[in-house]
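S.K.: Spelled out, the chains give:
Protein chains: 2
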Amino acid sequence: MRDTYHEDLDALGERLIEMARFARHAMERATTALLEADLNAAQEVISEDDALNDIDEEIERVAFDLMARQQPVAQDLRMIITALHMSGDLERMGDLAVHLAKTARRRHPESAIPPELRTIVTDMGQQADVLVAKAGEVLSKRDVDLALQLEQDDDKMDELHRRMLTRILDPDWQHSVESTIDITLAGRFYERFGDHAVHVANHLVYMVTGEKPDDFDREI
Amino acid sequence: MRDTYHEDLDALGERLIEMARFARHAMERATTALLEADLNAAQEVISEDDALNDIDEEIERVAFDLMARQQPVAQDLRMIITALHMSGDLERMGDLAVHLAKTARRRHPESAIPPELRTIVTDMGQQADVLVAKAGEVLSKRDVDLALQLEQDDDKMDELHRRMLTRILDPDWQHSVESTIDITLAGRFYERFGDHAVHVANHLVYMVTGEKPDDFDREI
Numbered sequence: 001m002r003d004t005y006h007e008d009l010d011a012l013g014e015r016l017i018e019m020a021r022f023a024r025h026a027m028e029r030a031t032t033a034l035l036e037a038d039l040n041a042a043q044e045v046i047s048e049d050d051a052l053n054d055i056d057e058e059i060e061r062v063a064f065d066l067m068a069r070q071q072p073v074a075q076d077l078r079m080i081i082t083a084l085h086m087s088g089d090l091e092r093m094g095d096l097a098v099h100l101a102k103t104a105r106r107r108h109p110e111s112a113i114p115p116e117l118r119t120i121v122t123d124m125g126q127q128a129d130v131l132v133a134k135a136g137e138v139l140s141k142r143d144v145d146l147a148l149q150l151e152q153d154d155d156k157m158d159e160l161h162r163r164m165l166t167r168i169l170d171p172d173w174q175h176s177v178e179s180t181i182d183i184t185l186a187g188r189f190y191e192r193f194g195d196h197a198v199h200v201a202n203h204l205v206y207m208v209t210g211e212k213p214d215d216f217d218r219e220i
Numbered sequence: 001m002r003d004t005y006h007e008d009l010d011a012l013g014e015r016l017i018e019m020a021r022f023a024r025h026a027m028e029r030a031t032t033a034l035l036e037a038d039l040n041a042a043q044e045v046i047s048e049d050d051a052l053n054d055i056d057e058e059i060e061r062v063a064f065d066l067m068a069r070q071q072p073v074a075q076d077l078r079m080i081i082t083a084l085h086m087s088g089d090l091e092r093m094g095d096l097a098v099h100l101a102k103t104a105r106r107r108h109p110e111s112a113i114p115p116e117l118r119t120i121v122t123d124m125g126q127q128a129d130v131l132v133a134k135a136g137e138v139l140s141k142r143d144v145d146l147a148l149q150l151e152q153d154d155d156k157m158d159e160l161h162r163r164m165l166t167r168i169l170d171p172d173w174q175h176s177v178e179s180t181i182d183i184t185l186a187g188r189f190y191e192r193f194g195d196h197a198v199h200v201a202n203h204l205v206y207m208v209t210g211e212k213p214d215d216f217d218r219e220i
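So the sequences go chain by chain: V and W. Heads up: the first sequence begins at 1 in the UniProt record's numbering, then just goes up one per residue. Heads up: the second sequence begins at 1 in the UniProt record's numbering, then just goes up one per residue.
Think of the hints as simulated: they come from the structure by calculation, not from any bench. Quick caveat, the model's predicted, so the values are computed rather than measured. Be a bit skeptical, because a hint or two may be false.
All copies of an identical chain are treated as equivalent in the list; a pair is satisfied when it fits inside any one copy or across any two copies.
Below, a list of computed lysine to aspartate or glutamate pairs in the EDC-like style, where the Cα atoms sit at most 16 Å apart [stated by the list, open to error]:
hint	residue 1	residue 2
1	Lys-102	Glu-36
2	Lys-102	Asp-50
3	Lys-212	Glu-58
4	Lys-212	Glu-60
5	Lys-212	Asp-54
6	Lys-212	Glu-57
7	Lys-156	Asp-123
8	Lys-156	Asp-214
9	Lys-156	Glu-137
Hey, can you work out the whole structure from these sequences and the hints?
M.R.: The following block contains the structure:
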């Protein structure tokens with residue numbers, strides 16, 4: 001019985017790592033969809049999101065069963081509760097990629113990204129990739145030091161987001177209101193994606209150490 | 001021992017109801033801050049958000065202790081896990097009110113809401129109030145039928161959100177890019193506030209019945 005128990009606990013961890021892979025792939029394709037007006041990439045992100053939702057539900061089910069049947073305490077219990085939080089964050093990261101993909105699909109065959117913002121959006125996509133890749137690594141290695149780096153990585157995302165808004169607010173910005181709306185929301189979605197990656201890392205720190213990083217859960 | 005246990009379980013429910021009250025008050029004041037360019041209201045929302053964060057942390061702590069010490073099963077376990085989810089949603093609703101309050105503060109002494117959008121924003125504020133008030137009532141009465149109404153209430157919020165975007169996209173829209181950005185994000189924050197209220201209600205349904213409403217966790 002204890003063996004199955006530990007297998008189930010390990011499986012939770014594996015499923016979270018898998019979610020991080022899915023979220024990473026979704027975000028990479030969503031950025032491609034936006035920049036290249038790539039309808040196939042957009043559709044792929046939208047249709048593949050169910051997989052992420054399914055794993056989220058599975059994690060919830062397994063976590064519940066583990067708690068009900070095995071009545072874990074201390075670190076195991078912390079691990080299971082933390083897995084629920086992380087799963088919610090990773091599921092949400094998939095949603096944010098879907099939002100971006102839907103923007104790309106709505107504007108197809110045009111690109112939702114005006115030429116002068118291509119560099120910033122490319123950079124935001126890359127920074128999102130850094131964040132979700134690190135979150136995945138943090139999960140697989142249970143690496144607290146690496147986890148604590150994500151705040152700084154997210155600061156870079158926030159800086160890119162500010163630069164994007166500065167560009168839109170520049171008197172030279174001559175694009176349509178529709179374009180302004182799309183860019184405003186896209187910027188927000190990248191920024192939130194970064195926040196959730198940081199959450200995942202912070203949850204890992206709590207899981208391993210029992211201590212929450214400073215200001216955790218205070219970020220808005 | 002069991003008495004303390006049930007007191008703690010009841011206390012979790014009470015704290016969630018209290019969070020719904022805080023979130024409702026925050027959103028009502030945030031809407032006032034936006035519409036009336038009321039700096040005091042904005043500051044109040046921003047400074048009072050810590051209270052919501054504190055209760056969220058307290059719920060997490062109590063839930064963990066309950067699971068570790070009492071090893072609840074079946075409905076009690078479901079109640080505790082659900083409380084964690086609801087607490088996260090309600091805490092986030094406070095954050096969204098803070099975002100709106102910060103927009104109002106940034107634009108003070110001007111109002112962030114152009115005259116032609118005052119009616120829609122007033123309606124969105126009222127709809128947010130309906131949603132969070134019902135979520136609170138759902139929590140206090142554990143009323144599954146009422147909980148299932150929230151999807152329809154949220155449809156009204158989504159409709160208001162669409163009308164807002166239609167107004168911004170109208171060729172008559174002559175406001176600054178800054179204003180377009182603020183309104184775009186404000187609309188998004190109201191819409192997300194509604195989504196989280198629906199989540200709270202759906203979690204309550206799951207808590208009471210053990211069944212998730214259709215498409216729960218699939219909303220993006």
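S.K.: Each hint: holds or not?
M.R.: Tested hints:
1. Proximity of Lys-102 to Glu-36 under the C-alpha cut-off of 16 Å is restricted to the intra-copy arrangement: shortest distance 14 Å within a copy versus 35 Å between copies.
2. Only within a single protomer do Lys-102 and Asp-50 lie at most 16 Å apart by alpha-carbon distance; the minimum there is 15 Å, versus 35 Å between protomers.
3. Only between protomers do Lys-212 and Glu-58 lie at most 16 Å apart by alpha-carbon distance; the minimum there is 13 Å, versus 26 Å within a single protomer.
4. With identical chains, the CA atoms of Lys-212 and Glu-60 are at most 16 Å apart between copies only, with a shortest distance of 12 Å across copies and 22 Å within one.
5. In this assembly of identical chains, the alpha carbons of Lys-212 and Asp-54 lie at most 16 Å apart only when taken from different copies (14 Å versus 28 Å within one copy).
6. In this homomeric assembly, Lys-212 and Glu-57 come within 16 Å of each other (Cα to Cα) only across copies, at 11 Å, whereas the closest approach inside a single copy is 25 Å.
7. Only within a single protomer do Lys-156 and Asp-123 lie at most 16 Å apart by alpha-carbon distance; the minimum there is 10 Å, versus 37 Å between protomers.
8. Taking the shortest Cα distances, Lys-156 and Asp-214 never come within 16 Å of each other, neither inside one copy (19 Å) nor across copies (39 Å).
9. In the homo-oligomer, the alpha carbons of Lys-156 and Glu-137 never lie at most 16 Å apart, since the shortest distance is 19 Å inside one protomer and 42 Å across protomers.
The earlier numbered hints that this structure contradicts are 8, 9.
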